[in-house]
Each structure stands twice: as C-alpha cells, then as structure tokens.
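Q: Generate the whole structure from the sequences, applying the supplied hints.
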Amino acid sequence: MPEQDVTVGQLLLAEYQSVKDEQKARIGFRDNLLYVTLAVVAAVIAAAAQAKQTSMLLALPPVCVVLGWTYLVNDEKISAIGRYLRDELGPRLAQLAGAEGAFGWENFHRGDTRRVSRKVVQLVVDLLAFCVVPLGALVVYWAGGGTSPGLVILSVGEALAVAGLGAYIVLYAVPFRSTGDSLG
1 MPEQDVTVGQ LLLAEYQSVK DEQKARIGFR DNLLYVTLAV VAAVIAAAAQ
51 AKQTSMLLAL PPVCVVLGWT YLVNDEKISA IGRYLRDELG PRLAQLAGAE
101 GAFGWENFHR GDTRRVSRKV VQLVVDLLAF CVVPLGALVV YWAGGGTSPG
151 LVILSVGEAL AVAGLGAYIV LYAVPFRSTG DSLG
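Take 1 as the starting number for the sequence shown in the UniProt record's numbering and just add one per residue.
No lab work stands behind these hints: they were computed from the structure. Any given hint could be a false lead.
Here are the simulated BS3-like cross-link-like pairs (lysine-lysine), alpha carbons at most 30 Å apart as the crow flies [said to hold, decoys possible]:
| hint | residue 1 | residue 2 |
| --- | --- | --- |
| 1 | 20 | 77 |
| 2 | 24 | 119 |
| 3 | 77 | 24 |
| 4 | 52 | 119 |
| 5 | 20 | 119 |
A: Structure, rendered in structure tokens:
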C-alpha cells in the first residue's frame with residue numbers, strides 16, 4: 001500500500017476542522033444550558049408554590065451556580081477557540097499559503113456595529129438567569145417567615161456563591177481583559 005505524504009497545510013486544515021467542530025458542539029451545549037436553567041427555575045418555583053414551602057426555593061441557588069459556571073466555562077472555551085483561530089492557526093496557514101489572511105469570518109463578524117450592544121444584552125441575560133433569579137429566590141425565602149437557623153446559614157452561603165458567580169460573569173464579559181478579548 002503506497003504511503004501518502006501529509007502536508008503541513010493539510011494538518012492545519014484538519015486541525016481547523018477539528019477545533020471548529022469542538023467550538024460548534026460547545027456553542028450548542030452552552031446555549032442549551034440557558035434553556036435547562038429556565039426549565040429548572042420554573043419547576044422549582046411551581047413545586048414551592050404548590051407545596052407552599054419557600055424553603056424549596058433554596059434548591060435554586062446551587063443549581064443556578066452549577067449551570068451558570070458550566071455556561072461560563074463553555075463560553076470562555078468558545079472564545080478561546082476563536083482567539084486561537086484568529087491569532088495562531090489562521091496566520092500560520094496564511095503564511096504557508098502565501099496569502100494575506102485565512103479564515104476571514106473569524107475577524108469580520110467581530111466588526112459588527114451592534115456587537116457591543118449584543119454583548120451587553122447577553123451579560124444582562126446571563127446575570128438575570130444565573131444570579132438575579134436565585135438571589136430573588138433567597139429573598140422570598142428570607143421574607144417568607146418560615147426560616148430556620150440552619151437554613152438561613154445555608155442560604156447566606158448560597159448568596160455568597162451566587163455573588164461570586166456574578167462577579168465572574170461580569171469579569172469575563174468585560175472587554176480587553178488580559179487576553180485582549182471578551183467572552184464570545
């Protein structure tokens with residue numbers, strides 16, 4: 001069986017395809033996390049209302065923190081893949097091909113005039129879904145009157161965890177951080 005020589009260009013294109021496939025899978029997974037969060041929130045609120053037990057709302061903060069953190073990590077990896085394609089793989093392939101650039105879409109779509117407003121709206125949506133809703137659940141629990149010392153201590157820890165997640169969501173959304181890019 002004859003051996004086939006694999007060129008550097010073929011390897012780079014194969015790497016591009018592999019990385020884009022990972023990015024696409026992560027985007028689908030990340031986007032579904034928001035829907036899962038909404039479904040869980042609705043289910044917990046409905047169950048708490050039906051049972052008339054505000055303590056059931058204490059399930060929301062840990063669920064929202066776990067789903068929110070998973071969302072954030074996937075969003076960061078999606079952005080990291082984009083940076084890698086723009087800053088590393090694209091220039092290497094362009095140099096190899098003797099072209100001015102490669103993968104133009106990776107840079108072109110970032111120049112959209114509405115990109116900043118979309119990023120701000122996405123930040124607000126992320127904070128609402130993963131932070132404001134669970135903090136609201138805690139406020140309802142605290143104001144509901146049927147609290148116990150142990151659950152109050154637990155709920156304060158939950159509030160701190162949600163606040164920490166919120167800080168990370170904002171930190172990762174702020175443009176021009178140390179990597180020179182914002183999420184997404």
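Q: So if I understand the rule, the pair passes when the alpha-carbon distance is 30 Å or less; does residue 52 with residue 119 pass?
A: violated, 38 Å
Q: Given the hint that residue 20 pairs with residue 119, does the C-alpha gap stay at or below 30 Å?
A: OK: residue 20 and residue 119 at ~22 Å, within 30 Å.
Q: Is the Cα-Cα distance between residue 24 and residue 119 30 Å or less?
A: holds, 19 Å
Q: Is residue 77 within 30 Å of residue 24, Cα to Cα?
A: holds, 11 Å
Q: Quick one, are residue 20 and residue 77 close enough, alpha carbons at most 30 Å?
A: holds, 12 Å
Comparing the model with each numbered hint stated earlier shows that hint 4 is the single one that does not hold.
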